[in-house]
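There are 2 protein chains.
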Amino acid sequence: MSAFREDGAAALDWLASYLEDVLERPVMARVEPGEIRAALPPSPPDAAEPFAAVLRDLDEVLMPGLTHWQSPRYFAYFPSTASDPGILAELLAAGLNQVGILWRASPALQELEEVTLDWLRQLVGLPEPLHGHIEDSASSGLITALSAARAAAPDRRVVVCSEHTHSSTRKAARLLELEVRETPVDDAYALRADDLDLADACAVVATVGTTSSTAFDPVAAVADRAGEAGTWLHVDAAYAGSAAVCPELRHHFVGWERADSVGINPHKWLCVPMDCSAFFTRRPDDLRRAFSLVPEYLRVSEEVVSLSEFSSPLGRRFRALKLWAVLRCHGREGLQAIIREHVRLAALFAQWVGDEPGWELSAPYPFSLVCFRLEGSDERNQELMERVNESGEIFLSHTRLGGRFVLRLAIGNARTSESDVAFAWDVLRREAATLD
Amino acid sequence: MSAFREDGAAALDWLASYLEDVLERPVMARVEPGEIRAALPPSPPDAAEPFAAVLRDLDEVLMPGLTHWQSPRYFAYFPSTASDPGILAELLAAGLNQVGILWRASPALQELEEVTLDWLRQLVGLPEPLHGHIEDSASSGLITALSAARAAAPDRRVVVCSEHTHSSTRKAARLLELEVRETPVDDAYALRADDLDLADACAVVATVGTTSSTAFDPVAAVADRAGEAGTWLHVDAAYAGSAAVCPELRHHFVGWERADSVGINPHKWLCVPMDCSAFFTRRPDDLRRAFSLVPEYLRVSEEVVSLSEFSSPLGRRFRALKLWAVLRCHGREGLQAIIREHVRLAALFAQWVGDEPGWELSAPYPFSLVCFRLEGSDERNQELMERVNESGEIFLSHTRLGGRFVLRLAIGNARTSESDVAFAWDVLRREAATLD
Numbered sequence: 001m002s003a004f005r006e007d008g009a010a011a012l013d014w015l016a017s018y019l020e021d022v023l024e025r026p027v028m029a030r031v032e033p034g035e036i037r038a039a040l041p042p043s044p045p046d047a048a049e050p051f052a053a054v055l056r057d058l059d060e061v062l063m064p065g066l067t068h069w070q071s072p073r074y075f076a077y078f079p080s081t082a083s084d085p086g087i088l089a090e091l092l093a094a095g096l097n098q099v100g101i102l103w104r105a106s107p108a109l110q111e112l113e114e115v116t117l118d119w120l121r122q123l124v125g126l127p128e129p130l131h132g133h134i135e136d137s138a139s140s141g142l143i144t145a146l147s148a149a150r151a152a153a154p155d156r157r158v159v160v161c162s163e164h165t166h167s168s169t170r171k172a173a174r175l176l177e178l179e180v181r182e183t184p185v186d187d188a189y190a191l192r193a194d195d196l197d198l199a200d201a202c203a204v205v206a207t208v209g210t211t212s213s214t215a216f217d218p219v220a221a222v223a224d225r226a227g228e229a230g231t232w233l234h235v236d237a238a239y240a241g242s243a244a245v246c247p248e249l250r251h252h253f254v255g256w257e258r259a260d261s262v263g264i265n266p267h268k269w270l271c272v273p274m275d276c277s278a279f280f281t282r283r284p285d286d287l288r289r290a291f292s293l294v295p296e297y298l299r300v301s302e303e304v305v306s307l308s309e310f311s312s313p314l315g316r317r318f319r320a321l322k323l324w325a326v327l328r329c330h331g332r333e334g335l336q337a338i339i340r341e342h343v344r345l346a347a348l349f350a351q352w353v354g355d356e357p358g359w360e361l362s363a364p365y366p367f368s369l370v371c372f373r374l375e376g377s378d379e380r381n382q383e384l385m386e387r388v389n390e391s392g393e394i395f396l397s398h399t400r401l402g403g404r405f406v407l408r409l410a411i412g413n414a415r416t417s418e419s420d421v422a423f424a425w426d427v428l429r430r431e432a433a434t435l436d
Numbered sequence: 437m438s439a440f441r442e443d444g445a446a447a448l449d450w451l452a453s454y455l456e457d458v459l460e461r462p463v464m465a466r467v468e469p470g471e472i473r474a475a476l477p478p479s480p481p482d483a484a485e486p487f488a489a490v491l492r493d494l495d496e497v498l499m500p501g502l503t504h505w506q507s508p509r510y511f512a513y514f515p516s517t518a519s520d521p522g523i524l525a526e527l528l529a530a531g532l533n534q535v536g537i538l539w540r541a542s543p544a545l546q547e548l549e550e551v552t553l554d555w556l557r558q559l560v561g562l563p564e565p566l567h568g569h570i571e572d573s574a575s576s577g578l579i580t581a582l583s584a585a586r587a588a589a590p591d592r593r594v595v596v597c598s599e600h601t602h603s604s605t606r607k608a609a610r611l612l613e614l615e616v617r618e619t620p621v622d623d624a625y626a627l628r629a630d631d632l633d634l635a636d637a638c639a640v641v642a643t644v645g646t647t648s649s650t651a652f653d654p655v656a657a658v659a660d661r662a663g664e665a666g667t668w669l670h671v672d673a674a675y676a677g678s679a680a681v682c683p684e685l686r687h688h689f690v691g692w693e694r695a696d697s698v699g700i701n702p703h704k705w706l707c708v709p710m711d712c713s714a715f716f717t718r719r720p721d722d723l724r725r726a727f728s729l730v731p732e733y734l735r736v737s738e739e740v741v742s743l744s745e746f747s748s749p750l751g752r753r754f755r756a757l758k759l760w761a762v763l764r765c766h767g768r769e770g771l772q773a774i775i776r777e778h779v780r781l782a783a784l785f786a787q788w789v790g791d792e793p794g795w796e797l798s799a800p801y802p803f804s805l806v807c808f809r810l811e812g813s814d815e816r817n818q819e820l821m822e823r824v825n826e827s828g829e830i831f832l833s834h835t836r837l838g839g840r841f842v843l844r845l846a847i848g849n850a851r852t853s854e855s856d857v858a859f860a861w862d863v864l865r866r867e868a869a870t871l872d
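Chains as they are written, first to last, in the numbering used here: chain A, 1 to 436; chain B, 437 to 872.
The shape of chain A in the complex, shown without the other chains (with noise of 0.2 Å):
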């Protein structure tokens, strides 16, 4: 048997051992600041080691150090999902190594990109033409997409977002030296079109499903109004777009299909592993216009407009392969299935803690993530939190919302059940039971 052959049996044994057991390990890393850096060699070493050798370190060296975002009690944050199919195909994209930096390069690389973000476009229901790309993140989605808008408008240099808007789009608009202006947001903390002023607007961003407290703006009226300004209008849907793959959720989305563009996050709720965010617009000429730029050692005969011209980067990982891969091993049902257990999950998470003498709930749950609290002083909540964290059985994360420290449960791991859920109400309660 082959070195590969060998080690990849070993490093696929100790994964599905790790996704196995994963339930067994605290959730929140335990460590001290420097300590994994402390427990490395100072040094490369000269000769070769084994493979086997990095499995080792990998349980003895870092396993104390990683957080773990597969755990179905991981509720921080927005949990993440590395399915099956996704880590399987990683393997092999990493295998074939393909480097998309024009056509010809891969033209598999470039082609299944383009149809595997015609699907997800399909999924979520947004209306064609569209152009579709992946990013590694939905800030530099955004980037990409103020950067179209400035092109596009070069004498405007505002952006119009809410408060809640993800700093994301502030750190777009350093970049591109743009100027942020805030809109109010009512009380479900949602941006208030009737208060948007576009005015020197290249672009507003509304979102659905914000990071706080997954509100979402009302898109249908920002659209009217940006339509109006001929302001470019940026939709960030990273967590919550998968959501519209449901039916019965796309009612939180409308208007985005006016969108000039729209972010949703693969690697967010659907199963995708780090990293593949989807980028779509309705004006890809705008985006070229921005970023199209071709040397002539990448000047061929054949015509094709290679994707590196969409954006910042030129040479691009073979992402769509997990994406595809995820898409067809879940179907279209499948991934249903998992939104719609997700939502249910928090709903319920929502209704235990409304009935529960003590606790209050700090913002609309329409997706996935309950924002709650105890009664009493921001202290009491952050010392809860940082009990329950550091107990390892669960992990949560917080926000600000009216001033207020308030908890997030984000449910969000394919792996997580109603039992899960359960168990970090327990939890909670328990922790919450020993402040006093």
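I should point out that these hints are in silico values taken from the structure, not numbers from a laboratory. Yeah, the Cβ is synthetic: ideal placement off N, Cα and C, and Gly gets one too. Hints may be right or wrong, so weigh each one.
Stated by the list, open to error - Sample of chain B residues lacking proximity to chain A, with all beta carbon distances greater than 10 Å (derived):
#, residue
1, Asn533
2, Arg776
3, Glu811
To be verified - A few chain B residues facing chain A, derived, Cβ under 7 Å:
#, residue
4, Leu448
5, Trp555
6, Asp711
7, Asp721
8, Ser742
Stated by the list, open to error - Listed next, with one range per pair, are the computed distances between beta-carbon atoms:
#, chain 1, residue 1, chain 2, residue 2, range
9, A, Pro247, B, Ala489, 42 to 52 Å
10, B, Ala488, A, Glu418, 23 to 33 Å
11, A, Glu383, B, Asp591, 46 to 56 Å
12, B, Pro478, A, Ala220, 20 to 30 Å
13, A, Arg430, B, Glu732, 18 to 28 Å
For this one, chain A is given, so just place chain B on it according to the hints.
Structure of chain B alone, referenced to chain A:
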């Protein structure tokens, strides 16, 4: 056996067989534009399909559209190798699915990235202290560098480079609305330091190993001038930087130890699968000034600066795992042996070309790329390239030097041996003989 173990064994077997037989396949894909797209279903399936169907269609549908970057007879652009430990580490990274949005989300991801970048720093002989992190591509690294340079000198809006500087510098400058000023090159296609005009320049980009011809700019002289002018010096060593693991090749890099930032792509010539681009800087505070933005939901009790504060993306993949595996399983000596052999083979090929009547060398070959041409017209050389590539036996690319169409034979796949290079030379002469 669980489905994951069973499907994983099938995927691993498929990949091992692919890598064992990759030499037998036509190197450049032979499909027409649109052919792969047309062979794929127009819509995603409703019901789940088995993973075996993905493997089957990888063979039956996608395979003709793959250009085989893993082939030892791939000599186009800059070849890159995914070596065994890198491939298997990607499997593990996908399965662990760490998402590095902040330290506590994966302490091991952040600290392993810091440690492996320091290992790489030591391997290529750069001085400490140096901040290092991983980007997806050198293009993104250019954005990071120029963005920090602009933040450090906001009144200067010029980036200086040469006509042979990679297109990613121009692309980044466009994104950042900086003007590009080109410095002339000498007969070896290196930037002429005497002609540098750094007035109003926030940044100057010097390249070690240009994409066209692997020319190396006089970095020490540029560093002198940049130091006097207070201009940020970025050294783009995306391809050639890996060669600095060999002390005898470091003379091409003299001066880069004074750069403000340096980019090296281990996914090019250091056996790491796409994507892994190393970014080093001695001015991390300027990067943070340009990029740091921590929203409430990411504020936590531990005082650790997250790697997301040094560049655009918020979420990061566990890319350090493959770099770690490669550096350990090849070791310093193993990596040196690969680079040395490639440099030796390039010199050997150049000697064959130089000794053959009717052929000419077109540029110096300090690393592992040889630029050459048939005497005569550009059309003849272009026709030669297309015939050779269409034969499927080898794959190479071209550039334009001094106005002439020039062939590029780039050696950089770890599987390439002297017999593959000799084979390439045979194919080139055979096809050239059929030209007139």
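We went through each hint and held it up to the structure:
A beta-carbon of chain A is positioned within 10 Å of the beta-carbon of Asn533 (chain B); the least distance is around 4 Å. Separation of Arg776 (chain B) from chain A is adequate, the least Cβ-Cβ distance of about 15 Å exceeding the 10 Å criterion. Against the 10 Å criterion, Glu811 (chain B) stays outside the reach of chain A, whose nearest CB is about 21 Å from its own CB. Proximity of Leu448 (chain B) to chain A holds as hinted, the smallest CB-CB distance being about 4 Å (cut-off 7 Å).
With 7 Å as the threshold, the beta carbon of Trp555 (chain B) comes within range of chain A, its nearest partner Cβ sitting at about 4 Å, so the hint holds. Evaluation of the Asp711 (chain B) hint against chain A yields a held restraint, the C-beta minimum of about 5 Å falling below 7 Å. Interface restraint check: Asp721 (chain B) against chain A, minimum CB-CB distance 16 Å, threshold 7 Å, status violated. Against a cut-off of 7 Å between C-beta atoms, the interface hint on Ser742 (chain B) is violated, since the closest Cβ of chain A lies about 11 Å away.
In this structure the hint that Pro247 (chain A) and Ala489 (chain B) lie 42 to 52 Å apart at CB is violated, the actual value being about 26 Å. Ala488 (chain B) and Glu418 (chain A) have their C-beta atoms about 31 Å apart, which keeps the hinted 23 to 33 Å range intact. The hinted range of 46 to 56 Å is satisfied by Glu383 (chain A) and Asp591 (chain B), whose Cβ atoms lie roughly 48 Å apart. Judged by the Cβ atoms, the range 20 to 30 Å given for Pro478 (chain B) and Ala220 (chain A) holds: they are separated by roughly 29 Å.
The hint said 18 to 28 Å for the Cβ distance between Arg430 (chain A) and Glu732 (chain B), and at roughly 27 Å that hint holds.
Checked against the numbered hints above, the structure breaks hints 1, 7, 8, 9 and satisfies the rest.
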